[in-house]
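One-letter residues, chain by chain:
Number of protein chains: 2
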Amino acid sequence: MNKMPRIVVDMDGVLADTYAKFIDRYEASFGRRPTHEELLGRKVYDLEGAADIRNAMHEKGFFRDIAVIPGAVEVMRELYDKYEVYIVSTASEFKHSYRDKWEWLEEHFPFINFQRIVFCGDKHIVHGDYMIDDKVGNLAGFNGTGLLFDALDNHYDEEYHRVHDWAEVRADFQSEREQARAMEA
Amino acid sequence: MNKMPRIVVDMDGVLADTYAKFIDRYEASFGRRPTHEELLGRKVYDLEGAADIRNAMHEKGFFRDIAVIPGAVEVMRELYDKYEVYIVSTASEFKHSYRDKWEWLEEHFPFINFQRIVFCGDKHIVHGDYMIDDKVGNLAGFNGTGLLFDALDNHYDEEYHRVHDWAEVRADFQSEREQARAMEA
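Going down the list, the protein sequences come from chains C and W.
All the letters of the first sequence, read from the start, carry residue numbers 1 to 185 under my numbering.
All the letters of the second sequence, read from the start, carry residue numbers 1 to 185 under my numbering.
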């Protein structure tokens with residue numbers, strides 16, 4: 001049997017709905033929610049006058065109570081048995097984010113062994129077969145196949161295969177396994 | 001000019017004298033320091049009756065006040081300009097260790113950009129040209145050249161080029177650069 005392929009999975013925007021929390025912060029500051037149109041191709045904190053919202057990531061607790069992206073737990077649990085799944089998340093800029101993210105994973109993804117958690121700055125140092133990430137810059141430096149997880153801010157990026165939700169991720173890896181089996185047969 | 005080679009540098013036992021702190025804990029529990037002989041090929045917490053000492057790594061603050069290994073700051077500063085230096089440290093098992101290690105690096109190695117800090121569990125996921133580590137298991141899974149940083153507990157390991165201190169690391173990379181220049185000429 002072949003070695004299990006390695007999937008590198010991002011947290012913010014892929015497992016965790018971090019941008020929904022930024023939208024709440026925007027609303028608290030500006031008294032309205034940004035429109036869908038405004039967010040196409042942009043982060044919340046790239047909107048006019050909203051740059052300070054990015055600093056929320058330095059707050060203790062910011063990353064602790066974020067909502068899970070629908071389907072992430074179920075599909076990750078399936079993938080975890082069939083692939084070498086690693087969580088690779090950018091954390092180094094925000095010293096409180098480590099513990100928050102660690103506890104968040106422990107709460108929502110208890111089946112993930114701590115050995116498979118990587119908190120880094122630049123993701124170029126990690127290698128694998130597949131990377132699921134909402135940031136083109138991370139996929140661009142990756143040695144394997146990149147899957148761009150859909151987000152409003154990456155709406156105009158066309159260089160990578162886009163997955164719109166976790167059901168699509170499941171389907172893609174199901175057909176990947178079928179192809180692999182067909183090639184072995 | 002070629003791309004800068006990447007050096008992956010471990011923290012505990014390489015930059016930070018973590019095992020000295022375990023020895024202090026041993027002395028506090030057993031009323032004596034372990035002998036040099038006892039520690040050859042063994043961690044402090046592998047000594048008889050001392051397994052609990054390993055749990056100190058779960059304590060908040062344990063990794064914050066560790067002494068710097070002599071020469072590490074000076075040589076790392078030199079290497080940092082000539083190589084793509086990454087700190088890659090095992091932290092995932094100990095949720096408080098992240099912030100302690102982050103603040104420790106900020107205090108003693110302020111020239112290291114946070115983008116170059118990786119806290120992981122299993123180091124097999126990181127790639128590079130050189131790895132400086134005191135654990136054979138980490139070097140064994142590495143794609144590049146491993147340098148085994150001398151420690152009492154790795155005393156009997158002979159599979160890797162051993163560097164006894166940071167002066168030797170400096171000398172090794174100086175001759176590496178001279179060879180690279182000679183090959184380019």
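Incorrect hints may have been included.
Same chains, same label: a pair holds when it works inside one copy or across any pair of copies.
Here are the computed lysine to any residue pairs in the SDA-like style, where the Cα-Cα straight-line distance is at most 25 Å [said to hold, decoys possible]:
#, residue 1, residue 2
1, K60, R170
2, K43, V136
3, K95, G121
4, K82, H127
5, K3, G137
6, K3, T145
The hints are simulated quantities; they were obtained by calculation from the structure and are not laboratory data.
- Query: Which hints from the list above does the structure break, by number from lowest to highest?
  - Reply: 1
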